[in-house]
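Engineer: Numbering (this note's numbering), first residue to last: -3 to 403.
Hints are computed from structural coordinates only; laboratory data are not their basis.
Treat the hints loosely; a few may be bogus.
[What the hints assert, rightly or not] Taking lysine-lysine and the BS3-like style, the derived pairs with C-alpha atoms no more than 30 angstroms apart in a straight line are:
{"hint": "1", "residue 1": "K164", "residue 2": "K152"}
{"hint": "2", "residue 1": "K164", "residue 2": "K219"}
{"hint": "3", "residue 1": "K72", "residue 2": "K350"}
{"hint": "4", "residue 1": "K350", "residue 2": "K328"}
{"hint": "5", "residue 1": "K327", "residue 2": "K350"}
{"hint": "6", "residue 1": "K72", "residue 2": "K342"}
{"hint": "7", "residue 1": "K72", "residue 2": "K327"}
{"hint": "8", "residue 1": "K222", "residue 2": "K350"}
{"hint": "9", "residue 1": "K342", "residue 2": "K328"}
{"hint": "10", "residue 1": "K152", "residue 2": "K222"}
{"hint": "11", "residue 1": "K328", "residue 2": "K222"}
{"hint": "12", "residue 1": "K342", "residue 2": "K219"}
{"hint": "13", "residue 1": "K152", "residue 2": "K219"}
{"hint": "14", "residue 1": "K164", "residue 2": "K222"}
{"hint": "15", "residue 1": "K328", "residue 2": "K72"}
{"hint": "16", "residue 1": "K152", "residue 2": "K72"}
[To be verified] Label pairs and their computed distance ranges (CB to CB):
{"hint": "17", "residue 1": "V286", "residue 2": "Q393", "range": "36 to 44 angstroms"}
{"hint": "18", "residue 1": "L138", "residue 2": "K219", "range": "19 to 27 angstroms"}
{"hint": "19", "residue 1": "K164", "residue 2": "R356", "range": "18 to 26 angstroms"}
{"hint": "20", "residue 1": "P104", "residue 2": "N128", "range": "16 to 24 angstroms"}
{"hint": "21", "residue 1": "G64", "residue 2": "S313", "range": "32 to 40 angstroms"}
{"hint": "22", "residue 1": "P140", "residue 2": "R161", "range": "17 to 25 angstroms"}
In this text, a Cβ means the ideal position worked out from N, Cα and C, and glycines have one as well.
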Amino acid sequence: MGSRLLTAFASSSVLGTALAVGSGPAIVPVAPAAASHAVVAPTHTRASETQHGRAPQPSLVVRTKVSGLTHAWDVKQIDGRRLLITERDPARLTIARRNGSTYDVRFPAGRVWTSGETGLMGLEVDPGFARNDRFYTCSGWLLPGGGHDVRVNAWKLNAARTRARLVKPLLTGLPSTSGRHGGCRLLISSDGALVVGTGDAAVGTNPQDQRSLGGKTLRLHRKSGKPWSANPFIDARSRTKRYVLTYGHRNVQGLAERRDGSLWAAEHGPDVDDEVNAIVPGGDYGWNPVPGYNESVPMTDQGLPGRQVEARWSSGSPTLATSGAGFVAGKKWGRYRGALAVAALKSERVLFLKFDRAGRNPRVFAPAALQRYGRLRTVTQLGNNNLLVATDGVDGQGKILLVKPRR
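Using the sequences and the hints given, assemble the complete structure.
Structural biologist: Given below as structure tokens:
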């Protein structure tokens, strides 16, 4: 979609009271120790603080754009006037108009399986939406005759933007148990592929099993649903394995593409080590919680056979519950320009991870302006480079925040 349409929405009148606050100091990470067999050494943040870099650190103006949401999970712009929002439980597709008012999109919500962390989750809008009205969701789904799975569906909005028709399921059979660790983030990368981040469904064998779709990043054609032809295991005998881009993950809830075309993922750790990972096709990211579901094992277990890809950043202890993420573009972001903005649920903040050109040695910023809105689920950048941040409020307390940098 064109940046002119995105800019039109983002620069429109906004509901709520503005809050301009200095973003606070940077947190400087301790230099990592080298890890044996690691592709990239881990980086852990610590509490020491200082100011870094020559670019100015912007103040942030935060306004409530949309309110009255419950477990808002993802938000995307569909034209110059509207936002499309997924709400996890109860499953709702919501459209917000330019003035912040909302209405429900009619779709077969009764077929969405909701339990625990699973419901209507990831959302992506087709690059050709202006012509084909097509978008994609990742959600729990009730199966005929009983049972459930997690799946990626393709949808089409009607011209009035009031009803969504299911075009077809693109990928089914993502594992689900109680609803724990359901994933499930979507990203259309610059080459047109649909990338899916999945959870391990709290089943210990799923992450390392390349014939399971759980605990993975997956890649497929967004029109046909077939495995992406450049996937690392495209010639595998197992059709499921052909979808696998990376494996050995716990619960991928953030996906982002850097300006250089590299893909990145954010995922939840157990009691320690939420991670941000650079995606290496075919890579094993080392989560292997067996026997049973043993969460005392390392997030990246270097004792496994072969090579395991270490995180580019990890939280240490305690975990922050990192979720949706996106790289920040635009000169007005100053010191945050080019950083990966990561929403965090438990720690109720947005982290700006400023990696070097090689994608290593991050400086971490946590603006105070974004530490007063409760649990934060996802970050989306608009065409004029402002941000939308979804809050995970319950019982109608959730919001979509509009965040503008001011230097």
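Engineer: Each hint should be assessed against the structure and marked as holding or not.
Structural biologist: Status of each hint after checking the structure:
1. K164 - K152: The given pair, whose Cα atoms are some 10 angstroms apart, holds under the 30 angstroms limit.
2. K164 - K219: holds (9 angstroms)
3. K72 - K350: Holds. K72 to K350 sits at ~24 angstroms (cutoff 30 angstroms).
4. K350 - K328: Given pair K350, K328 holds - Cα atoms ~15 angstroms apart, limit 30 angstroms.
5. K327 - K350: Between K327 and K350 the Cα gap is close to 14 angstroms, so the pair holds against 30 angstroms.
6. K72 - K342: Roughly 23 angstroms between the alpha carbons, so the hint for K72 and K342 holds.
7. K72 - K327: holds (22 angstroms)
8. K222 - K350: It is violated: about 35 angstroms lies between the C-alpha atoms, which goes past 30 angstroms.
9. K342 - K328: holds (29 angstroms)
10. K152 - K222: holds (19 angstroms)
11. K328 - K222: violated (40 angstroms)
12. K342 - K219: Status violated; Cα separation ~36 angstroms.
13. K152 - K219: Measuring from Cα to Cα gives roughly 12 angstroms; hence the hint holds.
14. K164 - K222: holds (13 angstroms)
15. K328 - K72: Status holds; Cα separation ~22 angstroms.
16. K152 - K72: holds (15 angstroms)
17. V286 - Q393: 36 to 44 angstroms: 39 angstroms Cβ-Cβ, so the 36 to 44 angstroms window holds.
18. L138 - K219: 19 to 27 angstroms: Cβ of L138 to Cβ of K219: about 25 angstroms, so the range 19 to 27 angstroms holds.
19. K164 - R356: 18 to 26 angstroms: Violated: the Cβ-Cβ distance is about 41 angstroms, outside 18 to 26 angstroms.
20. P104 - N128: 16 to 24 angstroms: holds (20 angstroms)
21. G64 - S313: 32 to 40 angstroms: Given a distance of about 36 angstroms, which is inside 32 to 40 angstroms, the answer is holds.
22. P140 - R161: 17 to 25 angstroms: holds (19 angstroms)
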